[in-house]
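Order-wise, the sequence lines are chains A and B.
Following this note's numbering from start to finish, the first sequence increments by one per residue and tops out at 664.
Following this note's numbering from start to finish, the second sequence increments by one per residue and tops out at 1464.
Among these hints, one or two may not hold up.
[Unchecked claim] 27 Å max Cα-Cα, derived DSS-like pairs, lysine-lysine:
1) 510(A) with 545(A)
2) 1007(B) with 1425(B)
3) 1235(B) with 542(A)
4) 1058(B) with 281(A)
5) 67(A) with 1058(B)
6) 1127(B) with 281(A)
7) 545(A) with 1282(B)
8) 1016(B) with 281(A)
9) 309(A) with 346(A)
10) 1370(B) with 1425(B)
11) 1370(B) with 1007(B)
12) 542(A) with 1370(B)
[What the hints assert, rightly or not] If you want the footprint, here are the derived chain B segments under chain A, 3+ residues with CB under 8 Å:
13) 1237 to 1250
14) 1322 to 1328
If you are wondering where the hints come from, they were derived from the structure by calculation, not from laboratory data.
Glycine included, every Cβ here is placed at the ideal spot set by N, Cα and C.
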Amino acid sequence: MSHVVERLDHPSSYKDHHARESREEREARLANSKTLYVGNLSFYTTEAQIYELFSQCADPTQGGGIKRIIMGLDRNTKTPCGFAFVEYYLHSEALASMRYISGTKLDERVIRCDLDPGYIEGRQFGRGKSGGQVRDEYREEYDGGRGGWGHDVLRRQNQAEKRLQGHYDTYASEVGGLGMAGADVPTGEGYERDNRKRGREEDDEDDDRIHNKFTFLKLGIQNNSASDSSLKADRPVSNSRSIPEAPPESKIFNIASMSDESYIPYGERPEWRDVEPVLQKDAQDGLVPIAYSAEYADAMNYFRAIVSKNERSDRVLDLTEHIIRRNPAHYTVWQYRMETLLQLHKDLQTELELMNEFAEENLKSYQVWHHRLTLITHLQPDLQGLRREIDFIHNSLMPDTKNYHTWAYLNWLYSHFSNLPESQGGNRFTEESWAEEITWCNNMLDSDFKFRGPSAAALIDEASPEGQGKIVPLDENTEEEGPIIGRGDGRNNSAWSWRWHLMIARNGAKPDPVVELEYALSQIRAIPHNASAWNYLRGAHKHFKIPLSQSLPAILPFTSIPVPSLVSAIPHNPPQLTTAANPDTPLPIPFALEWLADCESEQAVAGANSSSYERAAGIYQELAERWDVMRKTYWRYRQSDILRQGSAAGVEAVNGNQPAVASA
Amino acid sequence: MPQLTFKRNAHISFFKRCLTMLPSAVEGYDGNRITMAYFCLSALDLLEALETSYTAEKRQEWVRWVWALQKTEGGFSGSTFMTPAHSHESEHTQKNPLMNPGHLPSTYTSLLVLGILRAPVEEWINKLDVDGLERLLDTCSDSNGSFSPIPLRLPEPTASTATTPPYSPPFQSDARMAYCAAVIDDMITHAKYPEFNTPGTADQGRTTASPKEIVALDSDVSESAARSSGRRSTKRTRQWLTACQTWEGGFGQHPGLEAQGGTTYCAIASLRLMGSPAPTEKWSSCIDVDAATRYLVSRQLGGLSSEGDEETDGGGGFQGRPGKLEDVCYSFWCGGAMRVLLDKAIFDTDANSRALLDAQSPIGGFGKAKGDRPDPYHAYLAIAALAMDENEDACDPSEPAVEGHGHLSGANENTVETSRRSVPKIGLKALDPLWNVSMETRSYIEECLQAVFQHKYAVSRGTA
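Pulled out of the complex, with its shape left as it was, chain A reads as follows:
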């Protein structure tokens, strides 16, 4: 039957003018293509949304799925510029997408899909003069979803806001199983395996890797459940989350590509011929037996053998590396490896380099960080070495800015090397080191700040180790900016905790209460719903023993209470309503109401104004019934508490006693 209407999966006439090939070659490639070109996207559409939409045509039952998504990027700014490549595992999936997705709407735009002969390196960048797509340069009208010629500044600003809102930590590293195990307890992702596979698939893409390192988000291969949960269209994922890939020379691809077929059992390796493997007792009995893979069981049989002999040798290092690559939570194996390294007087710097690679793959493993910490303890780096280590940790945080282990390690590093005993050289850090760290922490909390990786030029002549992974601030070398690898985020609670440590809690800190209060208030003005900023403000007041009412004038604009004179809690200084909230922010902010109520409680307890008890109770009730209903039980608890204190104080006042100071 002939087609009355044009087939939906008919490829369009677009062709890659940069490709040098005949029409026949091109058509032959298209006939089997698994890749789609997707156009007319909004600049604000994220990889996650694209993944969500296009996975509807994925067919996992046939071994299919989305292999990867390559966002089209503005050549200069490295920000999305309105197109993308979606690569499936199956041709049929690409065809299905042509049929069912092309012409549908994404982010209020009709998107267009074409079969593509296949992505090749370099095509991810826009080819227009501006760095974006050529078609945007011929368009004269302003397009709300794509910006326009001359609207670059606006676009950048919008984008920064969009990303800020979408800055969820989808890696959700909940302390790697705060469960009871000393090693990790499975979190959802524990069940998914084989990250190794991805190494294999990418082997043929070495050329891409330098660019991959920062610009691609390879969603298709992150098939663990943690990512799945993040791949919802309403949880945008920013480019900055892409995991830096290991450099091409990295060892991991060699070991990792050791597939089951090519695996050589230890019994068949000449260097292990003298060892009699020690089998595990009742491996498949008892509680929760694990269906060990043949490779793991084999390696463990030899591990038990060498432990029973207490052998310390190079092959022990090979064996333990093999096991921890498969099983990075294996604390006994890590421990044996560390002891072996020390007994053989191995170069621990080499081991540290191996750990750099491990850290990228296993950000959530306690053991990887523990091993690193042990190495650094033994290496005793000088300030220069510590700087390199700190740069590495800073960079490790970029794809996962709230990773608890990484922050814990950073905290340990500073604490350990600033408190060394004199016999080991004492404090390694200078005032300048702390100042640098404070600057970095401020950037982490600055929602407008962009962290950049090394520029392309720097990557090419990467001879100097100092240049590697160094974060270059935005305003430096404007000529050749590196790609954006991360952004500051005023809501990053981990960074707030680090600020507290740096500015207030650490030995040698010289805290200035005014600076801390003003910093928190400025962050509240920028993002009025930012829980971290409010908590920091509250914590600082308590720590420095400053009455909450002192910050009340700055907070009142967020309460939407129009006449401040009704508020008894404002002390002597008249309210300054100059710091009005952004008019777009819906008021009141529950945090501000809570602050007001707590100020009233503070006043009431101090005996200044007995009607404050009722005012406070009234606001708690408002919170319970209207503004923060989820916590109604808590607000009623606060309400009845302050009323009880009020009645107790009232009784005592009648008796002529001092007003009660009810709570310590």
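Place chain B on chain A using the hints.
Quick look at chain B alone, frame taken from chain A:
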């Protein structure tokens, strides 16, 4: 339409599947099989499905497996992965106690599993090495009051080559380990001095836990003596845990680290288990209870909440830290911590139960959040949280919180709203939020341990 039916059978099947065989994908947890087992068995216990699912023989076989994890140096290890098939091969691994040693979390979960499986009381008497437990606690304790998951030193330093110093800094000596140590210590101490127990109301015995504290102080007479003898010290541990409380009100994993829902539970529960610093003080007198309460209630997501403009699908579940996503395990950590702190749940238990029910996996169990693949850790903690929500009335009738706070002695008609639950009855056993096991199992463990000490004293008197 949110899912509100409790998939009892699917959950039972999920935990039974995990007990039968875990896939090779979880080889990473090979060292922690006993903890996986605890999650599965404690869940089946709460579901009242253990006896109906497994024969007495099967349970006894498992009990034997758990006893085999006990180490001569003290405590239990996490699995058999270092146990050679033939005994002659084990010569060296036994000689080197630092390989696969007793492990604090595994010891805690082993003891609970023995209780859940109802290991006969004679076996507790004949097989449990209570002195070994004490040794493990002492050798894992660090001089700053924290606990390491594995021993930091040998119990009795000898001239042998094995007296290597701790091979690495105790990075993992965190609040989780303190919690495991505190439960083990609690088990031992209460069994050792049964006269301090309040029969039948074991948990409330902890509420006014001063008797135990007197014991602890007694054994702690000389702080410097304890330090030099390498014994653990309640006083130092309390100081260390107190230092974990942060500007946010929650507790971090170490002093100076960001607060987190899970470590907040561990720290608060440990402090309560360790009792009061002095007979006239409350157990919680060393921490800021109001700030901790505020931190915990703020972790519940939803409504016009602390997350303000963040969109939530109804909410009701908990996050682990500000700015993070909902995760079912924090319904236990935060909800449990609140109950330990205040003896009541001052959060929206209904919304929490609904969020948990909605997050059930269609194949049984729970993942981190709705739609995630289930795993034993999240599945167990979600069920434990549901058990606490459901038994809120049973755990804590609407009496005022006597200890811990001193607030709310009157005018609290509105505060306890557990009577009008919109969530259908689920039918889970009551959970002890301190030990994290069913109340029934806790009582059984206490009985067995008391029998152990009675026997021990009888023997020592007989031989004296």
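Do the hints match the structure? See the list:
| no. | hint | result |
| --- | --- | --- |
| 1 | 510(A) with 545(A) | holds, 16 Å |
| 2 | 1007(B) with 1425(B) | holds, 12 Å |
| 3 | 1235(B) with 542(A) | holds, 26 Å |
| 4 | 1058(B) with 281(A) | holds, 18 Å |
| 5 | 67(A) with 1058(B) | violated, 45 Å |
| 6 | 1127(B) with 281(A) | holds, 20 Å |
| 7 | 545(A) with 1282(B) | holds, 24 Å |
| 8 | 1016(B) with 281(A) | holds, 23 Å |
| 9 | 309(A) with 346(A) | holds, 20 Å |
| 10 | 1370(B) with 1425(B) | holds, 21 Å |
| 11 | 1370(B) with 1007(B) | holds, 14 Å |
| 12 | 542(A) with 1370(B) | violated, 38 Å |
| 13 | 1237 to 1250 | holds (count 4) |
| 14 | 1322 to 1328 | holds (count 5) |
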